[in-house]
Each structure stands twice: as structure tokens, then as C-alpha cells.
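2 protein chains.
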Amino acid sequence: MEQKKYITIDGNEAVSYVAYRVNEVISIYPITPSSSMGEWADEWSAKGIKNMWGTVPTVVEMQSEGGAAGAMHGALQAGTLTTTFTASQGLLLMIPNMFKIAGELTPAVIHVSARTVAAHALSIFGDHSDVMAARATGFGMLASASVQEAMDFALVAQKATMESRVPFLHFFDGFRTSHEVSKIELMSDKVIRSMIDDQLLMEHRNRALSPDHPVLRGTAQNPDVFFQARETVNPHYMACPDLTQKAFDKFAELTGRQYSLFDYVGAKDAERVIVLMGSGCDTAHDTVNYLTEKGEKVGVVKVRMYRPFDVRRFVESLPASVKSVAVLDRTKEPGASGEPLYADCVNALHEGLANRWGQVKTMPRVIGGRYGLSSKEFTPAMIKGVFDHLKEGTLKNHFTIGINDDVTNTSLPYDHGFSTEPDTVRRALFYGLGSDGTVGANKNSIKIIGENTNNYAQGYFVYDSKKAGAVTISHLRFGPNPIQSPYLISKANFVACHQTFFIEKYDMLSNVVDGGTFLLNTPAKQEDVWDTLPVEVQEKIIAKKLKFYVIDAYKVAEETGMGLRINTIMQTCYFAISGVLPKEEAINAIKDAIKKTYGKKGESIVKKNTDAVDQSLANMHEVQVPGKVTSKKHMPKPVSDKAPDYV
Amino acid sequence: MEQKKYITIDGNEAVSYVAYRVNEVISIYPITPSSSMGEWADEWSAKGIKNMWGTVPTVVEMQSEGGAAGAMHGALQAGTLTTTFTASQGLLLMIPNMFKIAGELTPAVIHVSARTVAAHALSIFGDHSDVMAARATGFGMLASASVQEAMDFALVAQKATMESRVPFLHFFDGFRTSHEVSKIELMSDKVIRSMIDDQLLMEHRNRALSPDHPVLRGTAQNPDVFFQARETVNPHYMACPDLTQKAFDKFAELTGRQYSLFDYVGAKDAERVIVLMGSGCDTAHDTVNYLTEKGEKVGVVKVRMYRPFDVRRFVESLPASVKSVAVLDRTKEPGASGEPLYADCVNALHEGLANRWGQVKTMPRVIGGRYGLSSKEFTPAMIKGVFDHLKEGTLKNHFTIGINDDVTNTSLPYDHGFSTEPDTVRRALFYGLGSDGTVGANKNSIKIIGENTNNYAQGYFVYDSKKAGAVTISHLRFGPNPIQSPYLISKANFVACHQTFFIEKYDMLSNVVDGGTFLLNTPAKQEDVWDTLPVEVQEKIIAKKLKFYVIDAYKVAEETGMGLRINTIMQTCYFAISGVLPKEEAINAIKDAIKKTYGKKGESIVKKNTDAVDQSLANMHEVQVPGKVTSKKHMPKPVSDKAPDYV
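Protein sequence lines, in the order shown, are assigned to chains A and B. Letter 127 of the first sequence, counting from 1, is numbered 127 in our numbering, and no numbers are missing. Just so we're on the same page, our numbering is the position in the second sequence counted from 1, plus 647.
None of these hints come from the bench; they were simulated from the model. None of the values given here were measured: they were computed from a predicted structure. No residue lacks a Cβ here, since even glycine has one placed at the ideal position from N, Cα and C. A hint or two may mislead.
Unchecked claim - What follows is a set of in silico ranges between Cβ atoms, one per label pair, in the way DEER data are often shown:
1. L186(A) with V1054(B): 40 to 48 Å
2. E43(A) with V1054(B): 22 to 30 Å
3. R864(B) with N409(A): 19 to 27 Å
4. V1054(B) with L395(A): 56 to 64 Å
For reference, chain A alone in the conformation it holds in the complex (with noise of 0.2 Å):
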């Protein structure tokens, strides 16, 4: 095994950054959250540089999602190395070339930021209904929980199909891994080109349509011949499974990261296990953890390979203790008899202990639930409502977690405050508006830690549907092993308003753990700030004995030169009173950040960069909290008590 080396960088960009180096042709029709594989890709064929072979890889903009899997489907006809990125209606439209492509048996990956369907309203954001509806396909699934199993698995999925001949479709949940910024291990070149086997790379060639060696394939059939040549392609299917174990073993020999096609972590006597897939499984084993170590008999069963199925390797993932199940879909199916996921692991169950696989030997209670829709955050308290509910006499089936259904009462109830949340990591919060530059400075926080320190980084940017103008919230956490939270901080140690407005519009103390920290972007003089405070607001800062500290952001910019732009002066405020580096390597950090980042824009805009860090350090002030409330200001209603009744 080579020296590990780490990199920062979001879930598209891992993917991307394997996609590209094993494929020679990349068919592109940009749909989000997929968007940035295809731009990534776009940008690097543009400069140039080189895929495992040493050409680059031609990448061609469709006219629609239809296009580039036809597309797709054509450049492998002709034996290259092809891929697609896509998710949510783009996936949809690939689907009739998907059939063909699966019935052809070509290898090939496509890459999915799994999205919601568009249903009773459209939806940017990530559930598995979009992987789901293409399930009948015939590709391969692999499902990866986190960004570096999304770079991981890019690879052992490219060698699975190669090995198999069934092509995949590899996918991760759309923004929650996607977008989520996180300190992984980069994989090096030696380690992608060792997972790709020439041989089967010079098959793939000969597989080509070409008048060198004339072959008919794609034809037309009648029912004569059909059905039987339909089940010609079993021995790949059957053989799939393994091929793709031996491909995560190998990646295990090269990386030391082994995966299984079903991970099992957890009690050896659980007698209460939880099943599904996508980021949930960090949440899932994160909370299993953390309950175990309580001597619950608990566990969780991650599945990576959810096609094809691997019914014997899923019912031998289950301990024998094992008493009740809950299978957990993060999509819906309105009219099945349950969701995709669960009715899976029901069938495997049943078709395993009748050839008395594993080491369950009567059936467990299995019940599905739903979770997570359109990235509903989904979190460590939801895990525990579930586990909870597999204790009871009577279970309820079809449940769903994390919403409260008051019409059909699905939903199961959960504690709100239970948390996971290790001291060891430290968690901030950044209000900022959009196209201020905070989402940007954090992004530049966390290459700076993640790439100076030993501390593993993640950082997660939730945006209000109206992109410029309006609140984004960055959520960080940094820590001492790698961060196995895949959904939004609820217990801050550090909170940073970047617009003083925000104040009477955003309850963002709620969050914030006792003795915790709050930076406040305001004009008002330290001495003056407690009384612009409102009533709510104050009374948080008392009761959780909260460190109040103050800057004039806008005015240090102004002074500094640097106009309107507060983001640089509000990270230096971050690192300076947050703790996570000592100040004067934090400081030196972002200096030389600065550097890297303006140092081609000319030594005046790198030194006002500098100046401002020297400023916001003199301009920030600590507020001595008073010990009551003295406001008479109150945050104002959600709905205001003047608004017409059809609000």
C-alpha cells in the first residue's frame, strides 16, 4: 500500500475524478445535482490532461439526457471505454437505452447523483425514487454512502462491469453526498490502473461493431427465439456478485478500504437491525455505534450492491439473533405491496431460509419505512425512533420516520434531542446571504484545515431555493477521524451571523450547544449591540451562557479596501476565536490562502486581503453578556397576524 494522501473536495468531484480516468468518451446533458460531474469533466478535456491511457477523453454535450445515453450506447457499440452522469428525469429519459445496453451485456458505469422524481411538485434535491425507477433495466446498482465511497465505488464499479459485462449504475445520494464537502483519501493513478485489466479492456474492443469483423447484433425478434435468447444473459447475472466482491477485495488490497457487497456493523447478538442504503448508512452505523457501546443489541446492514440482488450474501449478513427488521426505503412507491429495498429483503429472506442460507433460521419480523424524501434530513435521533420501534409487540409497517403524518399516521415518533455528536468534533454554523462569499470562505476553511492539520473536515451548504439573496447556511464539522455524520449540525459549538438582519428573522441559537460561541456581523458598537438584540435572542444568549463576540464586517471592508466583500474577514473571525487551530497558525493559514488564491490578481489585491485579516482581529470584541433580558423587541411571527386568511 502506498502513503495515503488527502484531498478536499465534494462528492461529484470524486466521482468525476475516477470517471474520467477510466473512460475515453463522456456524454454530458447537465441536470442537478449531477451537474458538476459533466462541467468537471468538460473543464479537464478542455485542459487537456489525460485519462489511465494517456489520451483525453472526448466529451460531448447532448441535446438531452435521451441523447447522451443514446449517445453512450453508440460510442460502446463501438468499443469505448464510455460514461454518463445524470439523475432524477435525466435518468428517466436514459432508460430505454439503458434495456439495450444491459441486454447487449456492455460494460459501461453511469453515474447518478440520485434525485427526487418530479410528483406532485418538482424537487432539485436527493431520494433514491429516480434509481428505483430504473430498476427493471437490468444494470448493476452500487450505491455508495458517503464521498469517499462515491470515489471508491466509481472504480470498483468500472471494474465490476468489466469483469461481468453488466453494466452499473452507480449512484449516491443527490447534494447530501454530492455537494458535501469532506477530507478523503485520494486514490492514486497507480491504484485506478491497477483495477483495470487490459484483457478484458481488448474484449470489450472486440466487441465492437466494425466491418473488420462483421457481426449482427440489435436485430429485431420474433417469438420464436426471443424469450430463450432473453435468458442467455443469466451466467453474467449470476456471476456479478462475486465478480464484484473479488473487485471490492482487490480495491481492498490496493487502498486498505474493504467493503462488502452487504456490510453488516454491529452486536453480534442483535436481535433489532436496520437495512438500507445511500448516506443513511453513516447515520445508521454512526448511531449503531453509539448504542452498542450502551449494550443495546442493535445493528445495521449497509447495502452497497443492491443489483443484482445477492440474495444468499444478504440473508448471510444477518445475525442469527437477529428477532425484527426494518428495511428502510428513501423512496416511495404509492399502490406496491412496499417499497423496492423492503420488498427486496423480504423476497431474500423468504427465498434464504427455505435453502437454508445464513444463520437465521425463522423468519424474523420484517417491516419497510420510508425516510429521507427530497432530502428530508434524516439523522441519529430518526435511527433510534426506529431501533425503539422494533421492541414493540406490534409493529407498524410502512411507516415513515422524520415528518409527522397527522393524516394517515405512518409516522413514527422519535426523540428530537437524542444526538450522536462526539465531543471530539467540532461543529459551526455560518449564516450567511447567498452570494455574500460565505459558502466560499468555509470551503477555503476546510481545505485549510483538512489539508493542514490531521483533523478530517466536512462541510454541507444548505441554500434557500432562490440561490443569490437569499439565507445559506454552512454547516462544518472538523475532527480527529474521519466524520461519519451525513446530516445537518444540530449542536453547534461555534454559531457566525454574517448579516446582521438575520438576527430578528432566524431563530440560530437554538443550535448552539451551552457555552458555545456566537459571532455577530453587526455596525453596532460592542457596548451597544446587547439592546439591538430581541427578546428571544437574549434570552438564549443568558441561558446557555453563550461567548458573545461582535464585529463591524462591512466597516473593515470598507477601510480595507475591500468593498462590499465580508468573507475573508469573517473566516479570520472564525479561526480566531473558534479554537480549532491555534490562532497564530490559523492566521498564518488563511494568509497564505490568500496568496495561493489572489497572488496571480497582483500584490495589492493579496496585500488588501492581508490587511483586512490584520483589521477584522482588531475590530472583533468580545460583549460582555449582561444577565437579563433588556430588549423589548420580539422576532416577529411566521405569519404575520396582518396577513390575509389564505396565508
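Fit chain B to the supplied structure of chain A, relying on the hints for placement.
Frame of chain A; chain B shown alone:
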């Protein structure tokens, strides 16, 4: 109930007949085998035929199935009753709009002549792979098994969707049902009218997007509310099965034809049960009747409503005595834990037993199998093969039936000679040349018999892939009871060879019963014809003691001024010797039909045709079959010895 009225039509026309009457906008894009549904609607609209509300439906042909679905979605949002017809890849292109139509709870029905989705090869023939690929959309699904059911369910689906607001996909087997010509009970306008509730129509109208009562619909939603909003459809899906059963019950009151969401047929103490949907239901029903009469404890569950899948009603449909169940899917999903209907049934049993629904107390052995992909024949012999297998100690899951899979050994064996065809049914096979008028004449014969006698009639026409100039085989059945035999004829009483050269090309006599009749169109004279036959044909005529007739139809056609048109001549011969009708009566009926068909073209055309009828009778001769084989000529091998190796 009104006086019964019969009509002889194919499945597509039966469906279109109803769909046209209960819709106002029909958006179409033609795709085999659904095309004629749209063509009928287009023709009726052009002729000004009115729907139930006295208006002429607007029929619009779009640029693709995506457009047809989009137009449908738009028209529905304007409060009109809208439908479309499609199949296969066409349906796949409708999936994005189907998610929207269902998500918005819009009453509408899409009629699908279910057809194979292209995989390793394209196929125009029938199976459920298209419908299954759309099962995530939230559409309800009704499956009809015959031409009669296709007409009936087209109406029931309309009522069910208007009652429940769950849109429906109504499907039936492509070609097998869509193109089978059958004598069925015609639905009166009064029945159609009685099934439509004007109040529900007004509610649909009132939900239209309109500036008169502005509402917001089809917007984008974010993680805060999407999940909750998505779950609001639940009450509609929960109510849908009851409402659909009520629609079936109301329909039964009006017509006497009673259906259930799951119809069980068979022994009350059945131990072996088959579950399936589509045209195979009739084959299974027929076979179960045959086997239970012989004392076998078997039964079949016909799935009428596949979505929403009513778990409780499914479990309740099974007899308490059931020990083993085979669920048959007319589709293949490589990589799934099992085919979809099988997976739903296992899930339903799991949940039903947990809730103590129905009479079954312990989980039966359940296996799944595939059959009939791309219109592969599905016969009583195969049904019996599955029942026989269900007796065995070890069951083979994920089996195939109807093919010989000698690679992965999935196939079940069956007795190819087993038949349930009753003696009361007359069965005839006609070998014609594409475009020689054979199929048209046979459709005409079915109408004559269907409309002039109490006999039920069925016609199915097998085309080679190249329509004109290749063989067409017409399969005709006539009998005193409704014909439940949606499979090809293997025991014909009558075989006609309309083209002399076929005698050396096709084995036409393997499927004739002993003592059956063989009619050959040949220029050879009565006394010379024997020696023109190959050895294999002579052997079969002798062994089976066939009655053998000849006519030189081309000579008669030429002499009566018919040119090359032999259809009326061969039809006359069939009626004269088959005994389906008394000869006199039959001849008069043909002449009446000629007057109807050609009356508008003038007296001389009518006379030519009636002359041809008379001359046919004069020129047809029975051949005295010699007791021994005299020929030296053999039928050629399928592949010539002279063919190059690669063939």
C-alpha cells in the same frame, strides 16, 4: 340488464371503442401493437362520432410518446378527460409525465397493449416488461386477459380513476389480446353512461388550472415540505382498491359480468396454486377446470388489479389448503431478487400472515417463474407442467417455462402433447401468403359465424416479421361457449394450404387431429396431386387418415375474373367442407357478406365474387388417398447441407 348484443372485434378496437366514448382529448403517437387504438379514434373523430357527452373527441398526434404524455398531462390540467394509447419504448417515454399525473392525483387512463421492451434485440411482440418498467410511477394498473375483459376493464378503469383520483394504466397482452379477433358482448352506451358519475366529472373540471379560481400546482418544493406533501396521496391509494372493486360490482349489476381484484378459480381444497395476470389467466383457468374435473387439487389466482396491490385481498383470495404457489411473471428483470409479481406476492403473504389476514395460516412454499416473453407460446401443457412441479419435494425458484434453457437449466419440463381443447370447439389453420387475402377472408369468416350463429369465435393471426410476401398462419376457433384459449392451435380439425409451394416448406400436418381435413390449393389435378406431395406429407395424410381436398384456386380466380384474388374461393371451400355451418346456410352467408363488402363498388364486382363462390364449389374435389407412400421427394432440411459453416 339489457338484451345482450354481440360484436366480433379485436382487443384494440374493443378498448378504443370505450376509451373514445369516455374521453374528450386523445393524444396519440403510434407504436406497435397499440397503433390501431389510436387509428380507430382518429377515424371516428374524423367521422364526427360523438362521445358520451355528445361532443367529438379531439384526437391529436404528437411528435413522440413523450409529447403524447405531455399533451395528456396538459389537457388533464385543463380539466378535460384525456387518454392515450401506447406500448413498449413508447410507454417508457411517458414515465416522467406519469409520475407527475399520479403525483397530482389526476384521474386518467392510459391503455397499453403490453409489449416487450427492446433489450438484446427489439421485438414487437407481447410481454409485460414495458408495464413493469412503469410500476414506480404511482399509476394504478388493471390487467385484462381477453378481448371481452379489455373492453370491460377499459370502462372499469375509467370509473375507478374518477372515483379514486389514482390514474390507471390499463393493459392487455400485445398481439395475443390486442390483435385477437373475438366474439364478445358489446357494451351499450347506456352501460357506459351509467358507469360515469357526473359529480366526479365536475370535480375534475373544478380542479382545472384556471384564472377564474387560481391555485398553485406543480411548483418546486424543498426538503422542508416535500416529504410531508408526498405522503398526502396515501388516503387515495388506500381507498383505491375498494373503489375499484365497487366499480367492478357496479359493472356486474349492469352487465352480469362479475370480476374481482383477485379472482380465484379452482378446487376449494387446492394445494397447488398458480398466480398470474394477462392473457395467460384464461389458459390457466381452462387448465384448472380440466384438472379439477379429474380431481386434482389445483387453482389459479387471476390478478386483475396489480396496482395498488391490495395485500389483504390477495391473501384472502387463496384457499386455506394451499401448500405451494407458483407466481408467473411475463417479464424478466435481470438482477432483481425475483420478478415483480412474484416479489409482490411473497411480500403480501409475509404481511398478510403477520396480520392474520385470510385463511392461510402458515407460509406456503412460493416460487416464481417466467413465461411467454415476447409472445412465446403459453399453453395448458405448460400450466400443467408448473402444477406438476409444485408437487415436488424441492422446488426450483426463478424457473422458466416454455423454453429449453440448457445453459442455466432454469426450465421446467412439461408434456408437449397435453391439451385441454374440448371436442365442441372446431379449430382451423390456414397457411396463406402475406397480402394474398387469407387473413382478411378469415376475419370475414369469423364475423359471418360470430354474427350469424350462436357460436363464439376466435381468430389469431401469426405473421412472419416480413409482413407482405411471407407466410401468415390464421388460427380460427368456433364453439358453443366463450373461447378461453389464448394460444395457438395444436390440434386442428382443418388445415388449409393456400399456396402450393408451402407444401415443401412448412410442416402443416403435425398439428391436425386424426381424421381431420386438409385442403390444398394446387394446379395439380385430383388424380395427379398425390405424387406431387413430399414423403413426409403423404405419410401424415395416411397415418392420420385425413380427408384430403384440392382446388386450383388461381385457375378459378382467373376464369371468374378475380385475377389473383383467391381469398373468397378458399373461404368458400372452407365453409363447404368444414361443417361449421350447414353448407347452404354458409354459402348464403358468404354471398350476403360479398354484397355488404362490395355492394358499393357495383353490381359487376358482386357478380364476379358470387360467381367465384359457385365455381369454387364446382372445382373442389376430394382426393382418394392411396394406402401407401409413393413420393421420392423429401422436405428440405431447415439448413441445407450446402450452406456455409457460419450458418
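Here is how each hint holds up against the structure:
Restraint check, L186(A) to V1054(B): a C-beta distance of roughly 43 Å satisfies the suggested window 40 to 48 Å. Roughly 46 Å separates the CB atoms of E43(A) and V1054(B), a value that falls outside the hinted 22 to 30 Å. Judged by the Cβ atoms, the range 19 to 27 Å given for R864(B) and N409(A) holds: they are separated by roughly 26 Å. Range check, V1054(B) to L395(A): about 42 Å between beta-carbon atoms, so the 56 to 64 Å window is missed.
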